[in-house]
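**Student:** Listed below, chain by chain, are the residues.
Protein chains: 2
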Amino acid sequence: MNPEERLQRYAELAVRVGANVQSGQPVGVWAHVDQAPVARAIARESYRAGAGTVFVHYRDNHIRRAAIELGPTEQLGTSPEHVIDWVRRFDEGPTAFIQLSGDPEPTLFADLDQELVGKSEPLDFRRAWIPHVANRAVNWTIVAAPTEGWAQTVFGEPDLDRLWQAVATATRLDAPDPVAAWQEHIATLKARAAALDERGFDAVRFRGPGTDLTVGLLRDSRWLCATFTTRDGVEHLPNIPTEEIFTSPDWRRTEGVVRSTYPLAVSGTVVNDLEVRFENGRIVDLRASSGEEVLQHQLETDEQAHFLGEVALVDGTSAVKRTGLVFRDTLFDENASCHIAYGNGLPMTVDGTDGKGPDELLERGVNVSGAHTDFMIGGVEVEVDGLTSSGEAVPLLRADVWQLQS
Amino acid sequence: MNPEERLQRYAELAVRVGANVQSGQPVGVWAHVDQAPVARAIARESYRAGAGTVFVHYRDNHIRRAAIELGPTEQLGTSPEHVIDWVRRFDEGPTAFIQLSGDPEPTLFADLDQELVGKSEPLDFRRAWIPHVANRAVNWTIVAAPTEGWAQTVFGEPDLDRLWQAVATATRLDAPDPVAAWQEHIATLKARAAALDERGFDAVRFRGPGTDLTVGLLRDSRWLCATFTTRDGVEHLPNIPTEEIFTSPDWRRTEGVVRSTYPLAVSGTVVNDLEVRFENGRIVDLRASSGEEVLQHQLETDEQAHFLGEVALVDGTSAVKRTGLVFRDTLFDENASCHIAYGNGLPMTVDGTDGKGPDELLERGVNVSGAHTDFMIGGVEVEVDGLTSSGEAVPLLRADVWQLQS
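These protein sequence lines are chains A and B, in that order.
The numbering used here puts the first residue of the first sequence at 1, with every later residue one more than the last.
The numbering used here puts the first residue of the second sequence at 407, with every later residue one more than the last.
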């Protein structure tokens with residue numbers, strides 16, 4: 001597969017399977033400046049799929065760096081009003097939204113005051129976006145765009161072609177028929193989710209080096225995976241790749257300690273050796289050997305940022321895991337390993353929450369926050385059990401091999 | 407001067423002398439994706455100058471190309487609503503606006519249907535912008551950003567450093583003290599404008615190969631140059647470089663034929679061998695050996711697009727002219743040579759037009775249009791005279807040497 005063909009197939013996957021762009025829809029693409037080649041291929045494929053208009057919003061972390069270093073502190077983290085307005089109105093149309101992941105310069109902010117870096121996160125953008133997810137208003141996807149900068153981060157050298165090969169493996173682009181490969185993979189994930197739902201576990205327990213964590217589940221939650229369906233009936237694949245089966249835990253019932261098993265790239269900084277302790281659901285201690293301040297600042301977003309919003313299971317057959325790489329990008333790394341996220345929960349995993357406000361969601365056990373940060377806690381050394389309401393432990397993962405059969 | 411120092415001095419010129427960014431102002435930058443290095447330097451310098459926020463709006467002609475080739479025709483030329491809204495509200499704040507010129511790929515659309523290329527021009531963006539100029543609401547500047555793509559166009563090879571050297575010459579960046587050099591240059595231009603105003607010519611006549619054109623002037627117009635002052639009293643330099651003395655002609659009184667003396671880069675196409683004939687002020691014939699369709703489409707913007715909005719005089723001492731280059735960028739090439747523009751006029755050159763509406767401006771002889779395209783008509787072979795109301799011809803330029811003394 002030559003590079004042009006690969007890019008074209010990748011764009012097809014993003015547009016046709018990922019966002020599933022509908023005829024006449026406006027399409028919004030959110031990309032770093034360095035990701036222009038992928039954004040352009042996606043724009044072309046979107047028009048081929050019948051898009052009415054395509055707008056690429058290019059962001060540039062160097063401009064953000066300028067603001068952190070030289071701008072007035074009180075303006076940090078505020079996006080221009082017209083950009084927020086653009087996002088807020090995605091449900092008109094609606095706009096199909098494609099976000100490009102894979103930070104071209106993940107350590108760009110590493111030498112800066114980390115408190116200011118945290119303050120500079122565009123939380124208002126996230127706040128405008130989150131309701132569309134909760135309301136299933138928009139068909140969307142996140143895919144990554146290989147760049148030399150990202151390759152430098154992964155391999156220590158700007159080997160763009162090698163990164164493209166790894167991404168092709170992780171996204172099944174190297175399968176003879178990628179779309180068919182995705183259909184088969186989605187069926188496998190859905191069978192596992194159904195098996196979990198059938199058992200109706202009360203909690204999930206993770207045990208491994210530095211980890212002994214119990215995450216309480218909700219009685220009326222379901223395990224979801226792979227595809228979402230909008231309220232207009234458009235099925236889309238929000239993450240490419242996706243290997244996880246996930247749900248919204250009971251934010252009030254997380255207990256214990258957990259050590260992350262992958263570095264976490266966030267806000268231009270890489271967080272290493274993250275350790276978190278929960279009591280009565282709340283994060284009471286968080287530390288890391290690097291990048292801790294950025295996470296501390298995220299926790300300050302609001303009180304509910306201290307509670308879990310997501311728990312997700314991933315086994316060793318993961319196509320991301322098979323690459324053997326740490327991508328230093330959450331979209332990929334979270335799909336190589338079990339993970340949890342503090343911050344906003346996932347109402348679509350809990351029955352009867354459609355259209356409910358924050359108070360009712362919290363009352364139902366679904367967390368509500370302006371933050372949502374995933375971190376990876378799985379691996380061959382981590383045992384995962386489902387706990388029944390009577391206290392029985394049922395193996396879910398051993399040595400990264402899926403145990404539960406439907 | 408090493409490249410970093412040069413870029414830094416260039417950003418200073420754009421921010422401090424060009425837009426003259428004021429403390430606390432929001433700053434908007436309009437740049438091509440490939441111009442990111444210059445946009446970033448300008449963002450940093452803007453913050454140093456006290457900017458409240460800096461937003462860089464990156465545009466990408468490859469996305470526009472995708473729309474022309476593959477998108478629905480009826481959507482061409484429409485910008486996203488939120489972008490227009492951003493521009494429309496520049497007068498709140500007000501926003502200091504810095505536009506980067508120097509198309510990184512001026513022939514990107516050359517192989518496309520030129521009628522569609524014309525339709526894809528973001529005229530709505532221009533329509534939202536023009537009132538801010540007319541109302542003197544915003545301090546703004548246009549500066550160019552050297553890129554390998556532009557260097558390829560100028561030199562036939564992507565010699566970025568050579569283009570930077572040429573731009574440094576054309577913008578007086580190579581002077582020991584560029585700011586002082588600009589002050590002196592501005593004083594020279596102002597003296598010439600004053601001499602022209604003193605004579606109160608009735609018309610300007612251009613004669614040369616393929617050219618015999620008389621442009622009628624307004625009784626109460628003035629010749630302007632170099633700096634504008636906003637209604638808030640902020641003096642700024644709208645073009646860097648600028649070598650021209652210009653005014654708004656009487657749109658009803660242009661007669662004759664004119665042949666352009668430079669290629670004209672517009673909308674991803676280069677227009678060559680442009681010839682235009684005027685009768686009773688109106689363009690009755692326009693032809694070119696390449697790119698004609700794009701200009702024809704511009705003329706269709708509205709009826710008044712067929713009439714002149716600007717006439718400008720430039721002599722051979724121009725720093726742009728001294729480079730001996732054709733930059734294939736109007737910002738530079740128009741400052742190497744006398745030029746005229748069809749389309750929107752310049753009310754600020756005519757006394758008593760502040761705040762007047764379109765009808766009144768037209769009545770006063772100032773053109774009003776959604777279009778404004780400059781093309782170059784001067785050179786050593788073109789003689790320029792000022793015509794008095796009694797019909798006397800006073801030499802203004804001979805062999806590109808300025809003749810009129812104050």
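No wet-lab data here; the hints were simulated from the structure.
In this text, all values refer to a predicted model and were calculated from it rather than measured experimentally.
Glycine included, each C-beta is placed from N, C-alpha and C at the ideal position.
Take the hints with a grain of salt, since some may be wrong.
[What the hints assert, rightly or not] Interface residues of chain B toward chain A, partial, derived using beta-carbon atoms under 7 Å: (1) Met-407; (2) Ala-442; (3) Val-462; (4) Asp-491.
**Student:** Under 7 Å is the threshold here; is the Cβ of Asp-491 (chain B) close enough to any Cβ of chain A for the hint to stand?
**Tutor:** For Asp-491 (chain B), the interface hint holds, since the closest Cβ of chain A sits about 5 Å away, which is under 7 Å.
**Student:** Holds or violated: is there a CB of chain A closer than 7 Å to the CB of Ala-442 (chain B)?
**Tutor:** Holds, because the Cβ-Cβ distance from Ala-442 (chain B) to chain A comes to roughly 5 Å (cut-off 7 Å).
**Student:** Can you verify the interface hint for Val-462 (chain B): is its Cβ closer than 7 Å to any Cβ in chain A?
**Tutor:** At about 5 Å, which falls below the 7 Å cut-off, the nearest Cβ of chain A leaves the hint on Val-462 (chain B) intact, so it holds.
**Student:** Let's test the interface hint: is any C-beta of chain A closer than 7 Å to that of Met-407 (chain B)?
**Tutor:** Status violated, d = 22 Å.
Going down the numbered hints, you'll see the structure goes against just number 1.
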